[in-house]
Amino acid sequence: MKFGIVVFPGSNCDKDVQTAARAVGHDADFIWHTDTSVDGFDCLVLPGGFSYGDYLRTAAIARFSPVMEPVARYAASGRPVIGICNGFQVLLEAGLLPGAMLRNTSCKFVCKPQRIRVESTRTPFTRKFRQGQVITLPIAHGDGNYYIDGETLEQMERGGRVVFRYCDESGEPTPESNPNGSLNNIAGICNNAGNVLGMMPHPERAAEGILGGADGRLLLESVAQWVQGGGKIG
Amino acid sequence: MADELIWQTMGLSDEEYERIRVLLGRDPNYVELGMFSVMWSEHCSYKNTRAVLRGLPTSGPQVLQGPGENAGIVDVGDGLAVVFKIESHNHPSAVEPYEGAATGVGGIIRDIFTMGARPIASLDSLWLGDLSSARARRLFSGIVAGISGYGNAVGIPTVGGQTMFHRSYEINPLVNAMCVGFMRHEDIKRGAATGVGNSVMVIGSTTGRDGIHGATFASADLTDEAIERKSAVQVGDPFREKLLLEACLELVARGCVLGIQDMGAAGLTCSSCEMASRGGTGMIIDLDRVPRRETGMTPYEVMLSESQERMLLVPTPGREEEVREVLVKWGLEAVVVGEVTADGMITLIEGGARVAQVPARALADEAPVYHRESSKPEYVERLAAFDTAGVPPCADLGGALLRLIGSPSIASKRWVWEQYDHQVGAGTVIGPGADAAVIRLPGSKRGVALSTDCNSRYCYLDPRLGAAHAVAEAARNVACTGARPLAVTNCQNFGNPYKPEVFWQFREAIAGMSVACRALGTPVTGGNVSLCNEDGETAIRPTPVIGMVGVIDDVELRVPMGFQAEGDIVVLLGATRDEIGASEYLATVHGVEAGRVPALDLEAEARLCELLWTAASRRLLSSAHDMSEGGLAVALAECAIAGALGATLRVDCVGGDAGLAPDRFLFSESGARALVTIGPSQRDEFLALAAGLNVPAAACGRVGGSRLCVEFGEGAGGARRIDVSVAALSKAYEEAVPCAMQG
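Top to bottom, those sequences are chains A and B.
With this note's numbering applied, the first sequence covers 1 to 234.
With this note's numbering applied, the second sequence covers 1001 to 1743.
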C-alpha cells in the first residue's frame, strides 16, 4: 500500500501525512504539483496547508496546478482520493466535490480537538468505522465554513454523501459543537461514487496516541484494507 | 548645518559621526552614513549593553554554538542538535500589530533555518496593557492574529509562550518570538563569507522600500511621532517564507551552501558586513543585480531595505546554477550579486561606479561600546519596605482563589492558542497551556521541552532577584515535563538606557540571570536586547524573558500537568515560607504591588529539577506542575482544571510549613516548589528518591472527586478552608480572557 501525497507550494501537512502513513505500517511518497503523472500510487492525498499562500481564496490557484489533471482522471477511474483541510478546499475549487468554503463565522483560525460523528461507512475511507461512531480529530483552519445551495445539500444528505459531521460528546450535531458555521455541521463529504472524500479535520494528526489521539488511524487502515481487497466501491 | 542634521536624523551622535570619520579617514557619503547608522543602532550593535552582557555564561559541554551567530545550538544526543533563539519585535507591533508580530515570527524562523535546521516549534511571550483599555485589546487581537496568520501558513506549530497583562505595557507592548529547529550536527551552517573569489548570491524575495531604518526605529523611544512612522514596519509574506525555508533546506541537503545569513534588521547591509566580518573577508556587490520589486530605488534604499524573506548566500563554488534551479523550482529568485574579496571592505557598485566602500569590521564589530551611568531608582527601597505582616488575613480563601484564577495574567490563554496551529508537524506531544511544551524530534524518540518565563513584577521590585527567578522558573517548568534543562536564550526588554535608573535595572537583571544560569548549568546561547520600550516618559517594567530548552530522552516518559487518576497521592515538593511579598495574591486580592520578592535558593532549585526528571525517567510521576504566580492554591487549581479531577489536601500533614496562616500557606510564592501526583504503589520509592536528593516532600492529599478541598488543622484556624468545585474554577479560568476581550 502506497499513498501519494500531492505537494503544492505552501502545503505544510505533507510530511505529517507521510509520518501517519508510516505509523500505520504503509508507504507514502510525494508528488510535486507540476508532475503530470500520479501512477504507482494506491491512494492520493491532497494535504493541508496554505497552497500559494491562500491569499486570493483558499485553493483558488492550486486547482490550476498541472498535477490536478491526472488527479481528476485518477478520481474518475474510481480510485481513492482524499483531500484534508486545504486539500478539501482544492477538491472543491477543482470541482471534484460540490460546494465552497467560507471564512469561519468567528473570523478566527481555530485549532483544537473536535468531536465528529461518522455518518457514512460506505466510502473506502470509513469502512472500518461504525455508523454513528463519535470520534475525536484535530481541526486547524480559518476557512472551514462549508456552504452549498439548498437543493444540492438535500441531494447530498439523501444520497448519504455527508461523511462526517461536527457533534457534541453525545453525538448530537448541535450549533454549539459546530466550530466554523458549516451547513448542517458538515465536516466531510464525498462524491457520488464515494471514492473522493474531502474533510476539514486532520486524521493524520490523530494516528499516534503520543500526539494526543489515534482515532485517525482507522481512516488510513480502512482505505488500505479497501485497496488490498481489490478496491470495489459499494 | 544640513550635514549635521543628516547623521542626527539617522540616530547617530556627534561622537559617533567623528568615530566614523576616523575609521574611514574621510567623511562618509550618504550611503555609507546610512549603513553605519543602522549597524551602530542599539538593535544591531548592542553598543549600550555589550559591556554588561559579557558577564553572561555562554559555554558548556552541550553548547555547539553560543552567541554571535544567527541562533544558538545545543547538542541533544544521538548526533542531533537543537537550534533556538528568541527575539523582540516590540516597536513594529506597537505601530502595526498584525504585520509587526507576523514579521517578528518570520524573522526568528529565518534565523533558525539559516543555520541549516528545520524549524519545529515557535513560542511567543506577549506583554500587553490592561485589557480594560481599548488600545490594549486592539493590539492584543492584532498581535495574536499576526502570529497566527504567519506561523500557521508557514506550517510551524506555535506551541507555547506566555501572555501577561499590566498597564506599563499599554503604549509599548512586547512581542518576543522564539523559534526552535533541529538538525544533524554535520548540517550546521554558519553566516560567514569565506573563499576569496566565491560568489555572493541574493536568494528569496525581491527588495522593496519597506522597513527602511527599521533597526533605527526599534532603537528609539516610541513617541507619538515614531508611531506615525509606519513605513519602518515591514510586511510579511508567509507563503514566500515557506518556499524559502524549503529551498534553503534543499540547498543544505544538496551541499550547495558554504555560508548563509538571513536579511533581517538592516537588510543587505547587516548580512553582508556580518558575513564578511565573520569570514575575515570583504565583499563586492553590484547593486544593479539585486532583484527589486520597485523602480527607481537608490543605493541607500537597497542597502537599508528590510524587505522580508531574503537571504544572502555564499554557495559552494561552481554550484551557482544548481542554487538557481532549486530556487526557481520553489518560485523564487537567486542572483549572483557579487563576490567575496580579500580586502575586508564592503564595496558597492552601481552603474559601474563605486558608491560606497566601508571596512566590514568597522560596520559589524567596531561600534562604540558605552558604559552607561546607572543608579538605583528611588522606588526600589520604598516598595521593598512594605511589610506584609500588616496584610489582613483573608476570610474567603475560595473566593480569593477564584479571583486569582480569573485574573487575565493567570487565566487560561486558550483564546490565544486556539488561534495558533499548535499541531502541524506531527511532533506536538505536550502543547500550549502546560508548564512547558514537549516536541518530538522527527525520526527520533527524543524530545525537547520548551518554555518562556518572566515575572515582571518581581523584576520591577528587584531586577536581580527577579531575573534569577525567571531562569529558575523556566528550568522548573521544563523539568516538570520530565526534561533536563539544557540552555537558555533571552530577550531583554527595558526602557531607555540613557536613563540611569533604567540602566541600573538592566545591569541588575543581567547579574541575576548570570548567577542563576551558572547555578543551574544552563548557559546562554543568544538572544536579543530591546531597549527604549517607552513613550518618552513611562518605561515598561523590566522584562528579561527567558527561553529555556530541555531534552527528554524518550517522549513516552513525558509528564502531564493535570491530575490523572482518582486515588493518586498529592505531594508538595519544596519548602513554603511566609513570602507573599510581590505576589499575585497581594496584587489581585489586596491591590498592592510591593514587598520583598521571594528569596531564591538556586541549589534547592537544581535539586528539585533533578528530582523531577529523575522521577519522570523512572515513571514515578502521574503529573507535575510548578508553583509560581499564585502559589500552591493556583497550582492546585490548574492541575484540577487540566485533569478535570478534584483533590482533597490536609495541610496539617505538611510539617513545619503548617505553622503558616492559611492565606500565607496557600498563596506564598516561595521558589523551588512543585506539585506532583504519584500512584499509591510508587509512594515509597518516590519519597525515598526525594529524601536522597534533599528535597522536602509532603504527601498531603489525594486526587479524586469533582471538588478542590484544602483543609487546615485546628491550630491554623480550622474553619478556614477552600472548597470549590472544579467546574467553578474551570469557568473562572476559561472565561476571563474572552470576557475581557469583549470590552
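These are calculated hints, taken from the structure and not from any lab test.
The model shown is predicted, which means the values in this text are computed figures rather than measured ones.
Some hints could be false.
Unchecked claim - Below, a list of computed lysine-lysine pairs in the DSBU-like style, where the Cα atoms sit at most 30 Å apart: (1) B/K1047 to B/K1376; (2) B/K1329 to B/K1047; (3) B/K1445 to A/K2; (4) A/K112 to B/K1376; (5) B/K1376 to B/K1499; (6) A/K128 to A/K108; (7) A/K108 to B/K1376; (8) A/K2 to B/K1376; (9) A/K112 to B/K1329; (10) A/K108 to A/K2.
Claimed, not checked - Computed far set for chain B versus chain A, every beta-carbon distance over 10 Å: (11) A1145; (12) A1342; (13) R1607; (14) A1699.
To be verified - Where chain B lies over chain A, by a calculated footprint (3+ residues, C-beta under 8 Å): (15) 125-133; (16) 181-191; (17) 197-205; (18) 224-230.
All C-beta atoms, glycine included, are put in the ideal place defined by N, C-alpha and C.
Now the hints, each set against the structure:
Our distance criterion of 30 Å between C-alpha atoms is met by B/K1047 and B/K1376, whose separation comes to about 21 Å. For a cut-off of 30 Å, the pair hint linking B/K1329 to B/K1047 is broken: about 42 Å separates their Cα positions. Simply put, B/K1445 and A/K2 have alpha-carbon atoms about 25 Å apart, close enough for the 30 Å limit, and the pair holds. Of the supplied pair hints, the one linking A/K112 and B/K1376 is violated, its CA atoms being roughly 47 Å apart against a limit of 30 Å.
At roughly 11 Å between alpha-carbon atoms, B/K1376 and B/K1499 fall within 30 Å of each other, so this suggested pair holds. Distance hint between A/K128 and A/K108 is unfulfilled; the C-alpha atoms sit about 34 Å from each other, more than 30 Å. Pair hint A/K108 plus B/K1376 does not hold up; C-alpha atoms about 45 Å apart against a cutoff of 30 Å. A hinted pair counts as satisfied when its Cα atoms are at most 30 Å apart, and A/K2 with B/K1376 does not qualify at roughly 68 Å.
Distance check on the hinted pair: A/K112 and B/K1329 sit about 34 Å apart at the alpha-carbon level, beyond 30 Å; violated. Distance hint between A/K108 and A/K2 is unfulfilled; the C-alpha atoms sit about 36 Å from each other, more than 30 Å. B/A1145, annotated as away from the interface, has a beta carbon of chain A within 10 Å; the closest lies near 8 Å. Here B/A1342 stays apart from chain A, with its beta-carbon at least about 40 Å from theirs, past the 10 Å limit.
At the 10 Å boundary, the C-beta of B/R1607 stays outside the reach of chain A, the nearest C-beta of that chain being 29 Å off. Here B/A1699 stays apart from chain A, with its beta-carbon at least about 29 Å from theirs, past the 10 Å limit. Only residues whose C-beta sits within less than 8 Å of a C-beta in chain B count toward coverage, and the region 125-133 of chain A has 0 of them, not enough to reach three; the restraint is violated. Coverage of the region 181-191 of chain A by chain B is violated in this model, with 0 residues showing a Cβ closer than 8 Å to a Cβ of that chain against a need of three.
Only when three residues or more bring their CB closer than 8 Å to a CB of chain B does the claim for the region 197-205 of chain A stand; here the count is 3, and the claim holds. Given as covered by chain B, the region 224-230 of chain A fails the check, having 0 residues with a CB less than 8 Å from a CB of that chain where 3 are the minimum.
The earlier numbered hints that this structure contradicts are 2, 4, 6, 7, 8, 9, 10, 11, 15, 16, 18.
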